[in-house]
Amino acid sequence: MSLDLPNLAPQIQSAGAKIALEMAALGERLPQAVGALRASSGIDSETLQAKLARAGDRWPGAIPTTDDLAKSIAPPALQTPLHVFGADGSQIPPDRHAAAMYYLINIGSLHYIAGSGRAPSASSTPSLYSGNEELYLEDGGLIGSEIVSARRDIAEMAELARLANSCHGEPSLALLDNGLILWLALQVQGQQRKSADALLKEYLHGMDSIRRSGAALAGVIDRPRHANVLALLHLLDLPLDKIDTDRLQATPYLGLTDRGLFAQVLAEGHRSISFIYASPINRDFKAAGHEVAFFYYRPPGVKDPMRVEVPTWVADSPELMARVHSGLVEQGLTTAGFPYVLARAHELAVVSQAERQTVAGLFEESLLAHGLHPERSHKQTAKAWLTSRRRHSL
Amino acid sequence: MTDKQGLIGRVTRCSTRGFVGAIRLPEPEIPVFGGYCLAEAQQGGSQVIGLIYDISIQDDEFARQMAATETAPAEVLADGQANRQVPVEFSALAVGYRVGEAFHQHLPPQPPLTLAPIYRMTPEDVRAFTTSFDFLPLVLSTPQLPADHLLAAALQTASEARPAAERRPFLIDAGRACARLMAGDLPQLQNLLRSLTS
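Chains as they are written, first to last, in the numbering used here: chain A, 1 to 394; chain B, 1 to 198.
Possibly wrong hints are sitting among the right ones.
[What the hints assert, rightly or not] Partial selection, computed: residues in chain A whose CB lies under 8 Å from chain B: (1) 42; (2) 111; (3) 114; (4) 117; (5) 119; (6) 122; (7) 136; (8) 344; (9) 368.
[As the list claims (entries may be wrong)] If the Cβ cut is set under 7 Å, some of the chain B residues that face chain A in the computed set are: (10) 70; (11) 74; (12) 82; (13) 83.
In short, the hints are calculated from the structure, not lab data.
We put the CB at the ideal spot given by N, CA and C, even for glycine.
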């Protein structure tokens, strides 16, 4: 063990004390934010639109879909049978120190029929990518972890689409363990831009397919750090003629989160109203018919709400929203509020460290069997030597 | 011969004295206490014969959480029993080995290797193996084993592999063989004989 714990321990103590002080300061500002949320209910549409226009295209806030911002909405009764699908993914990224270049994406999913009493169908599907066209971009560069992550997100959406289409027309709910926005589109520039656009198109195709199947779609973000609604509250506080970039950034709610705000407002099992996500990337989603909205949902018996992202074709449909809300309540009964299908999908998807080593070993064996002599990099070899210390025993 | 359909697991750890296997199986297929099994060894040149003496199913935090939930939906409970990848682990005592068609009732020359397939022994093979009781000392000499219960279960299994008319004579012969070996431990012998005749 090389970590100097005696040296680190005082630093951890100091960091803990600092965090406690910051939390106390945030706690003092939270009532102000709750007051602003309640006070802003009933804001007239004309004022709101004028302020949103002044905030500009790059303002990272939230646009309310109704004027009662502090409303706490009770869950409707669950209509059964309800098909609930969950998908999650895990990946082994390309490693230039390994004996061969490849990456792997493993998708886990669960098809659960609430009210059936039957065991769900579980699936775990690994896909290996090792061809040059899969590993290298048009400029010859090795694909980065952000592209691999995007391919995983696409595979998750495709798996949900596959499951949704297997129950076409039946009441269904597809859940993703993440937000619905594909962030890759904002992260990459230059030569990778073309690849990113192609990937975004593929991702949106999966959302199209789910929509056509009649299923509701929702992305669940546990312990979110977003502050889009707080940004809205700050915007509403500012006089119209004082709205500019500097003032928008000088928010009194810095450090607070929407999660903390709605923890004070929502009753157990309830959800907030829906908000449109005011992000530049959401424009691409809107153009494709999948503009992303979100709401906060507080599971029964849980203090912290989670953020749930839905396309506006779900947010605008009372029937689909009832399905999402009641489905989330049912799914969280045994898993501290987090959807059961997502907890299981994660379990089915995750690739452990031991499995990563097994895959690497099998790959080396395969290369040997085909007359090649795979070698790890010098660095990888040295690291393996340094981490394989064994205890002496008689 | 081994019943290729009767795969009940793969070896996870082993020695010449026995092996441990694991598999994910639906409930009716789980190996039974006192059952006979075969694990391939020596690159398929021999098969180690095991007597299953322990079957265990491990838990994890998720299973404990579900067990403690009073209102778990039926779908969740069914998922835990039918799908979750919690392997059944079973331990088998090596009581002999097989080379070709010949059975030997002493410790094998080599243990099976990791991930070697383990098969349930067919009734024909169980009958052939238990025509002799020379494997009994291997069971009785193993410490910390419920030898009386294990032998009773194993001999009952061997009896059921025979035609009805042969079962009682087989159990009487087996009881006599056990009596010779267990004369120094009358309470355990009594327990075994009671189990054989019940």
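Hint check:
Nearest Cβ of chain B to the Cβ of residue 42 of chain A: about 39 Å, over the 8 Å cut. The hint is violated. The criterion of a C-beta within 8 Å of any C-beta in chain B is not met by residue 111 of chain A, whose closest approach is roughly 11 Å, and the hint is violated. The beta carbon of residue 114 of chain A is positioned within 8 Å of a beta carbon in chain B (closest approach about 7 Å), and the interface hint is therefore held. With 8 Å as the threshold, the beta carbon of residue 117 of chain A comes within range of chain B, its nearest partner Cβ sitting at about 4 Å, so the hint holds.
Hint on residue 119 of chain A holds. Least Cβ distance to chain B is approximately 4 Å, under the 8 Å limit. About 4 Å separates the beta-carbon of residue 122 of chain A from the nearest beta-carbon of chain B, less than 8 Å, and the hint is met. The interface hint given for residue 136 of chain A is broken, as the beta carbon of that residue sits about 35 Å from the closest beta carbon of chain B, more than 8 Å. Hint on residue 344 of chain A holds. Least Cβ distance to chain B is approximately 7 Å, under the 8 Å limit.
Proximity of residue 368 of chain A to chain B is violated relative to the hint, the smallest CB-CB distance being about 19 Å (cut-off 8 Å). Taken as an interface hint, residue 70 of chain B does not check out: its beta carbon lies about 10 Å from the nearest beta carbon of chain A, beyond 7 Å. Contact between residue 74 of chain B and chain A, as hinted, is supported at the beta carbon level, the nearest pair being about 4 Å apart and thus within 7 Å. At its closest, the beta carbon of residue 82 of chain B sits 4 Å from a beta carbon of chain A; the interface hint therefore holds under the 7 Å criterion.
At about 4 Å, the closest approach between the beta carbon of residue 83 of chain B and any beta carbon in chain A falls short of 7 Å, and the interface hint on this residue holds.
Hint compliance for this structure: hints 1, 2, 7, 9 and 10 are not met, and every other hint is.
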